[in-house]
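Undergrad: Protein chains in written order, with the working numbering: chain A, 1 to 148; chain W, 149 to 505; chain H, 506 to 957.
Don't read these hints as lab results, they were simulated from the structure. Predicted model only: the values in this text are computed from it and were never measured. Glycine residues also receive a C-beta, built at the ideal position from the N, C-alpha and C atoms. Each hint should be verified, as a subset may be incorrect.
Computed list of lysine-lysine pairs in BS3-like fashion (alpha-carbon distance at most 27 Å, straight line) [as the list claims (entries may be wrong)]: (1) Lys-665/H with Lys-618/H; (2) Lys-296/W with Lys-414/W; (3) Lys-68/A with Lys-875/H; (4) Lys-147/A with Lys-303/W; (5) Lys-909/H with Lys-68/A; (6) Lys-739/H with Lys-786/H; (7) Lys-121/A with Lys-740/H; (8) Lys-739/H with Lys-121/A; (9) Lys-303/W with Lys-414/W; (10) Lys-121/A with Lys-68/A; (11) Lys-635/H with Lys-665/H; (12) Lys-739/H with Lys-707/H; (13) Lys-377/W with Lys-665/H; (14) Lys-68/A with Lys-296/W; (15) Lys-901/H with Lys-875/H; (16) Lys-875/H with Lys-121/A; (17) Lys-296/W with Lys-147/A; (18) Lys-875/H with Lys-296/W; (19) Lys-945/H with Lys-177/W; (20) Lys-9/A with Lys-380/W; (21) Lys-414/W with Lys-68/A; (22) Lys-623/H with Lys-635/H; (23) Lys-945/H with Lys-380/W; (24) Lys-9/A with Lys-945/H; (25) Lys-875/H with Lys-147/A; (26) Lys-68/A with Lys-901/H; (27) Lys-147/A with Lys-414/W; (28) Lys-739/H with Lys-727/H; (29) Lys-687/H with Lys-625/H; (30) Lys-414/W with Lys-834/H.
Covered stretches of chain H, as calculated for chain W (at least 3 residues, CB under 8 Å) [stated by the list, open to error]: (31) 603 to 615; (32) 891 to 898; (33) 937 to 950.
Computed spacing ranges between beta-carbons, pair by pair [what the hints assert, rightly or not]: (34) Asn-330/W with Val-589/H: 28 to 34 Å; (35) Val-662/H with Gly-424/W: 55 to 61 Å; (36) Pro-422/W with Thr-645/H: 52 to 58 Å; (37) Gly-82/A with Val-662/H: 51 to 57 Å.
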Amino acid sequence: MEQPIRPVKARRRFVNFLLGTSIGGTLISVLYPVLRFLIPPEVVESAQSNVLAGRVSELRPNSGVIFKFGSQPGILIKTPAGEIRAFSATCAHLQCTVQYRDDLHHVWCACHNGHYDLNGKNISGPPPRPLEQYAVNVRGDEIFVSKG
Amino acid sequence: MKLVRVNGIYDWLDDRLGLEPLAAHAREKVVPLHRHSIWYYFGGMTLFLFGVQVLTGILLLLYYRPGEDTAFESVQFIIADVPFGWLIRSIHSWSANLMIATLFIHMFSVYLLKAYRSPRELTWVSGTLMFFIVLGFGFSGYLLPWNKLAFFATKVGTEVTGVVPVVGHFSARLLRGGDYVNGATLTRFYGLHISILPLAAFGVLFVHLLLIQRMGMSVPRSVEGQQMKTVKFVPNFALRDLMGWLVILALLATLATLFPWELGEKADPFASAPAGIKPEWFFIFMFQTLKFLPAKIGPVDGEVLGVVAFGVAALFWLLVPFLDRKSARGEKSPVFTLIGVIALLYITVMTVIGYLT
Amino acid sequence: MKRDRLGDKPRFEPWQRRVKTAALSAFLLTLLVTWVLAQREPGSATRSPQSVPGAATGKDSCVTCHTTLQNQLSAPITAMQDDVHAKHGLSCAGCHGGNPNEDDASRSHDPRKGYVGKPKLKDVPQFCGKCHSNAEFMKTFNPALRVDQETEYFTSVHGKLSRQGDQNVATCSSCHGFHGIKAVNDPNAPVYPVKVAETCGKCHASVEHMRPYSIATDQVEKYSRSVHSEALMKKLDLSAPTCNDCHGNHGATPPGLTSVANVCGNCHSRQGELFEKSPHKIPFAEAQLAACVVCHSNHEIHPPTDEMLGVGQEATCVSCHTDGDAGFKAAQGMRRQIDELAAHINTADQLLSRAARSGMEVARPQFDLKDARDKLVNARVVIHSFSPAQVEAATKPGVDVARKALQAGEHSLSELRRRRKGLAVSLVFILLTVVAVYFKVRQIEGRGGADT
Chain A
1 MEQPIRPVKA RRRFVNFLLG TSIGGTLISV LYPVLRFLIP PEVVESAQSN VLAGRVSELR
61 PNSGVIFKFG SQPGILIKTP AGEIRAFSAT CAHLQCTVQY RDDLHHVWCA CHNGHYDLNG
121 KNISGPPPRP LEQYAVNVRG DEIFVSKG
Chain W
149 MKLVRVNGIY DWLDDRLGLE PLAAHAREKV VPLHRHSIWY YFGGMTLFLF GVQVLTGILL
209 LLYYRPGEDT AFESVQFIIA DVPFGWLIRS IHSWSANLMI ATLFIHMFSV YLLKAYRSPR
269 ELTWVSGTLM FFIVLGFGFS GYLLPWNKLA FFATKVGTEV TGVVPVVGHF SARLLRGGDY
329 VNGATLTRFY GLHISILPLA AFGVLFVHLL LIQRMGMSVP RSVEGQQMKT VKFVPNFALR
389 DLMGWLVILA LLATLATLFP WELGEKADPF ASAPAGIKPE WFFIFMFQTL KFLPAKIGPV
449 DGEVLGVVAF GVAALFWLLV PFLDRKSARG EKSPVFTLIG VIALLYITVM TVIGYLT
Chain H
506 MKRDRLGDKP RFEPWQRRVK TAALSAFLLT LLVTWVLAQR EPGSATRSPQ SVPGAATGKD
566 SCVTCHTTLQ NQLSAPITAM QDDVHAKHGL SCAGCHGGNP NEDDASRSHD PRKGYVGKPK
626 LKDVPQFCGK CHSNAEFMKT FNPALRVDQE TEYFTSVHGK LSRQGDQNVA TCSSCHGFHG
686 IKAVNDPNAP VYPVKVAETC GKCHASVEHM RPYSIATDQV EKYSRSVHSE ALMKKLDLSA
746 PTCNDCHGNH GATPPGLTSV ANVCGNCHSR QGELFEKSPH KIPFAEAQLA ACVVCHSNHE
806 IHPPTDEMLG VGQEATCVSC HTDGDAGFKA AQGMRRQIDE LAAHINTADQ LLSRAARSGM
866 EVARPQFDLK DARDKLVNAR VVIHSFSPAQ VEAATKPGVD VARKALQAGE HSLSELRRRR
926 KGLAVSLVFI LLTVVAVYFK VRQIEGRGGA DT
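Generate the whole structure from the sequences, applying the supplied hints.
TA: Have a look at this one:
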C-alpha cells in the first residue's frame, strides 16, 4: 500500500522543482543571447575604413555606381580605359549627389551643372573644390574602398 | 550511485589539490545577523556586477575594434547587426554604472560602520585601491566607443590631470599617448581597460577576498558583544546573496531593454565641443567642484588647488584605518563619522548640482 | 713634401707647387665668373623698359610734379599706388602719353609725344583698347586674357548709346575705375562678383539717372531679395549669378526673349533642356513670354516651392490655365505625383526617427531614404518637361525607395516589440527564481530562519 507522502517532503519536492525549473529558465535566458551573440552574423562588417563598394564583374567600363561609405554616398567609377576609381559623391557646391555621365566620360552634378574630371577635379560650373578621392583595393571580384 | 561518483571525483581532486581546508572553511563560515547586516550584501553585489562586466566585456571584445577609423563603426555594428549585440552592450554600460553605485554604497557603509578598524586595515586599503581601479575602468571604458560625448569628456578629464603640479604634464601625456586626445589615446585606454586594469583588479580583489575569509565579517561597534544570531554562509547567506543578485540581474535586463544606451555621433577631433559636455556621473562631483573654485586663490591657480585637494582627500581615504586611532582602540570615533557624513553629503550635493546646471 | 730635419720648414716638390697655383687660379676664376653672372640676373621687379611703352625708367616727371599739386591733380598719384597696371610697371605716360623724362609741363604734356590728357567719355573704350585690344601686347602679360572687350562693348546697349553721343552711359572707367584699377579677382575691386550689383546699381538704381531711358530702377533691390543674392552675398558662393552672369559684362544687354532659357540653362542645364523640348517653348515664344521669367521672375528669384505647381492659390500654372484645359489637368497630375513622393518620404522619415529615438539602429534605412530625397529633387526638375508621364517616371522609383525605408522602420519597431517580449519572458524566469530561492531559504532554515 502506498504511504501518503508527508506534507513537508512534498513541499520540499515542490520547492526543489520550482528552484530547478526557474534556475533552468534563467540560465537559458542568459545563455541563449550569449550563444547567439557568439555566432558570427551573416552581414559583413561595414566598417567605414573598408567598404565593399561593388564587384568587378558587375561594373561595366564607362559607368559609375553610388555606394554607402559610412553615412555618406560615394561613387565607384570604371573609366572607359577600365581603371576603377572611387570618390565622395557629395558635390562640393551645395551637397547634391553627383553622377557619372557616360556620354561625357566624367562626373556631373545635375543640380547646377557642375563638372568634375576623372581625377575628381572640379573643371566647370559652380563647384569650388575637387571631390575627395578614396583608395580602391580589388581582391578577386570584390572592390573595397577606404579613405585615401 | 550518483553520489558516490561525485564524491569519487571530489576525493580525486582533493588528493591532488588539497581542497578539504577550503571546503571546511566554506562549511564553517558564518555571517552574523544584526540590525546593520543589510550592508553586508553590497560587497557581494559589487562583485556580481563586476562579474557581469567581465563576461559582457569579453563578449564585446570579440567584435570591438580599437582605432579612430574602426571603433565607432564596430560598436555600431554590434548594436545593429550582431544578434543580441544591443543587449550585451547596453548591459555592459548599465552594469558599469550600477556597479559604481553599489561600490559607493559598500564603501560608505563600511566607512561609517568603521569596519576598517583593526585588524581589517589592509582589507580597507585593498578596497580603496579597487575603488581607484574601478574609476579607471569607468574613465577608460567610456572613451572606447569613440563618440562625441566620450571624446570631449576624455579631453576635459586628461586636461584636469595635466593641472597637477610637477607631475601633471607628464602624466597627462602618459595617459593620452601624446599631447592631444587621438587614436593613440584610444589604444592606450583599450590596453588599460582590457588588460592592465583587469590584472590589477584581480590581484587586489584576490587579496581583498582572502582577507575577508581569514577575518570573517566585521561587526559594528554599536552591536559588538551582544548576543546575536548567525547564519551559515553556505547555503543560507549565499542563497540570500543570490536573491539580491537575481533582482539586480532583472533590473539590468529591464534597463538595457527599455532604456538602451545611446551611441551618439562619431567623434570629430576638429569640431568644436558641443554645449554642455559633462563627464560620467561618478566624476561630476569633482568636475563641479573645479567649476566652483575661483580662477585664482592667492598665488595659486584655483584648479591646481582643487586637484591637489582631491589628491590629498584620496590619500586620506586610503589611510583612514591608520589615522583613526580611536576606532583602532575600539572606541567611538565621532570625528571620523562626521568626516564620512560630510564626504557623502558633499558628493551627493555636488552631483545633483552638476546635473541641474 | 719633405723635411730634412725636425724643425725645418717643409719644402714642396716643383710639381706640387704647380698644382697649387693652378687650383688657386681656377678657384678665383670661378668666383669672378659667378659674381659677373649674378649681376646679370633679373632680380628686381621692374621690367625691361622696352617691353612696356612709356614705362618709367627711374625718372618719372609726372609723379614728381603732380605729387606737389593740389586735390584733383595729385589724387591720381595716391590712387595709382594700389593699381594693377602700376604693379606691372605701367605709369601715367603709358595711358596718357606724353614724355615722363621732361620736367617742363609743355614738353612733358607734348601732344607730339602722344599726350592725350583726360580722355572724353566716348573715347574711353579706345583709350583702354589701345592695349587691351592688342592681342600681341596683352599676351606678354597673361596669354589667357580676352582682348575683345572693346568690340563687345560696342554691341552692348551702353556702347551703342555711347556711339550716338550719350555722355551718361557706362564705359570702361564707370565700372573698373580709372586710377586705382584692381584685378577682377581682388575682393576690393568694384567688379568683384560680390560688388557687381552695387556697381551696376550706381546708375541703374538711381531714378534721376535712369529717367531719360524709361527703364525700371528696382532691379538691384529686387535682386537683393533673391536666392542668388543670398548665395553670393551671404554665403559667399562666388559661383552664384549676379548682373553680369545673365546680362554679360562688356556686351551688357538684357537676354532676348528666346535666349532667357539658354542663359538660365547655363547653370540650370537640365531645366533648360527639358523646357526646350516641352510644350511651353513655342507658345511662350509666340506670346512674347520670356520662358523661365514667366514663372520664376528675373531679378527677384525666390527658391521655388511645391505650391507654385498645380492649381492651388499660390500656383503659377493657373495664371494661364483654367479648369478643363489640358494644361490644368497636367498641372494637377504633376502636383499629385510630387506630393505623393514627398508624403511617402515624410512618413518613412518620421517612423525611422521614432525607431532611432527608441534606441534602434536605423542608420542604413536613413541613408537609403536620402536616395528617395534625391529622386524628389530630380522629379521637381522633371516638372519643366510639363509632362505628367515623365514626372511619374521620376517619382515612382523614389516612392519605391521610400516604401522600403518605411518597411525597414516598421521592421525595426516590431523588433523592438520582440525585444520587450523577450525581456518579459526572462523577467518571469528571474523573478520566479527569486521566489523559489526565498522558499528554499525558508525551507532550510525551518520556521525560525536561523540557527544560533
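Undergrad: The structure should be examined with respect to each hint, and the outcome stated for every one.
TA: Now the hints, each set against the structure:
1. Between Lys-665/H and Lys-618/H the CA atoms are separated by roughly 31 Å; this puts the pair beyond 27 Å, and the hint is violated.
2. For the given pair, Lys-296/W sits about 6 Å from Lys-414/W by alpha-carbon distance, which is consistent with the 27 Å threshold.
3. For the hint pairing Lys-68/A with Lys-875/H, the CA-to-CA distance comes to about 11 Å; that is within 27 Å, so the pair holds.
4. Taking the CA atoms of Lys-147/A and Lys-303/W, the gap is near 25 Å; set against the 27 Å cutoff, the hint holds.
5. Distance check on the hinted pair: Lys-909/H and Lys-68/A sit about 16 Å apart at the alpha-carbon level, within 27 Å; holds.
6. Straight-line distance between C-alpha atoms of Lys-739/H and Lys-786/H comes to about 34 Å, which puts the hinted pair past the 27 Å bound.
7. Distance restraint check for Lys-121/A and Lys-740/H: the Cα-Cα separation of roughly 22 Å lies within the 27 Å cut-off, and the hinted pair is therefore satisfied.
8. Annotation: proposed proximity of Lys-739/H to Lys-121/A holds, straight-line Cα distance about 26 Å (limit 27 Å).
9. Taken as a hint, the Lys-303/W and Lys-414/W pair is honoured in the structure, with Cα atoms around 15 Å apart against an allowance of 27 Å.
10. With a C-alpha separation of about 21 Å, the suggested pair Lys-121/A and Lys-68/A falls inside the 27 Å cut-off, and the hint holds.
11. Our distance criterion of 27 Å between C-alpha atoms is met by Lys-635/H and Lys-665/H, whose separation comes to about 20 Å.
12. Proposed proximity of Lys-739/H and Lys-707/H is supported: the alpha carbons are some 21 Å apart, at most 27 Å.
13. For a cut-off of 27 Å, the pair hint linking Lys-377/W to Lys-665/H is broken: about 116 Å separates their Cα positions.
14. Taken as a hint, the Lys-68/A and Lys-296/W pair is honoured in the structure, with Cα atoms around 22 Å apart against an allowance of 27 Å.
15. A distance of roughly 15 Å separates the Cα atoms of Lys-901/H and Lys-875/H; the hinted pair therefore holds under the 27 Å criterion.
16. Taking the CA atoms of Lys-875/H and Lys-121/A, the gap is near 25 Å; set against the 27 Å cutoff, the hint holds.
17. For the hint linking Lys-296/W to Lys-147/A, the alpha-carbon distance of about 20 Å falls within 27 Å, and the restraint holds.
18. A C-alpha spacing of about 24 Å is found between Lys-875/H and Lys-296/W, which places the hinted pair at or below 27 Å, so the restraint holds.
19. About 19 Å separates the Cα atoms of Lys-945/H and Lys-177/W, which keeps this hinted pair within 27 Å; it holds.
20. With a CA separation close to 23 Å, the supplied pair Lys-9/A and Lys-380/W stays within the 27 Å bound.
21. Under the criterion of a C-alpha separation no larger than 27 Å, the hint pairing Lys-414/W with Lys-68/A is consistent with the structure, at around 16 Å.
22. Using a Cα cut-off of 27 Å, the hinted pair Lys-623/H and Lys-635/H holds, with the two alpha carbons roughly 15 Å apart.
23. For the proposed pair Lys-945/H and Lys-380/W, the alpha carbon gap of about 14 Å is at most 27 Å, so the pair holds.
24. At roughly 13 Å between alpha-carbon atoms, Lys-9/A and Lys-945/H fall within 27 Å of each other, so this suggested pair holds.
25. A distance of roughly 22 Å separates the Cα atoms of Lys-875/H and Lys-147/A; the hinted pair therefore holds under the 27 Å criterion.
26. For the given pair, Lys-68/A sits about 22 Å from Lys-901/H by alpha-carbon distance, which is consistent with the 27 Å threshold.
27. A hinted pair counts as satisfied when its Cα atoms are at most 27 Å apart, and Lys-147/A with Lys-414/W qualifies at roughly 16 Å.
28. With a C-alpha separation of about 16 Å, the suggested pairing of Lys-739/H with Lys-727/H holds against the 27 Å cut-off.
29. Restraint check: the Cα-Cα separation between Lys-687/H and Lys-625/H comes to about 22 Å, which is no more than 27 Å; the hinted pair holds.
30. For the hint pairing Lys-414/W with Lys-834/H, the CA-to-CA distance comes to about 49 Å; that exceeds 27 Å, so the pair is violated.
31. Three residues within the 8 Å Cβ limit are the bar, and the segment 603 to 615 of chain H against chain W gives 0, so the coverage statement is violated.
32. Here's how the segment 891 to 898 of chain H fares: 0 of its residues keep a CB closer than 8 Å to some CB of chain W, so the rule of at least three is not met and the hint is violated.
33. Check result for the segment 937 to 950 of chain H against chain W: holds, 8 residues qualifying (beta carbon to beta carbon below 8 Å, three or more required).
34. Restraint check, Asn-330/W to Val-589/H: a C-beta distance of roughly 46 Å breaks the suggested window 28 to 34 Å.
35. For the hinted restraint 55 to 61 Å between Val-662/H and Gly-424/W, the CB-CB distance of approximately 59 Å keeps it satisfied.
36. Between Pro-422/W and Thr-645/H the beta carbon distance is about 56 Å. The supplied range of 52 to 58 Å therefore holds.
37. Hint check: Gly-82/A to Val-662/H, Cβ distance near 53 Å, so the stated range 51 to 57 Å holds.
Hints 1, 6, 13, 30, 31, 32, 34 from the earlier list are contradicted by this structure; the remaining hints agree with it.
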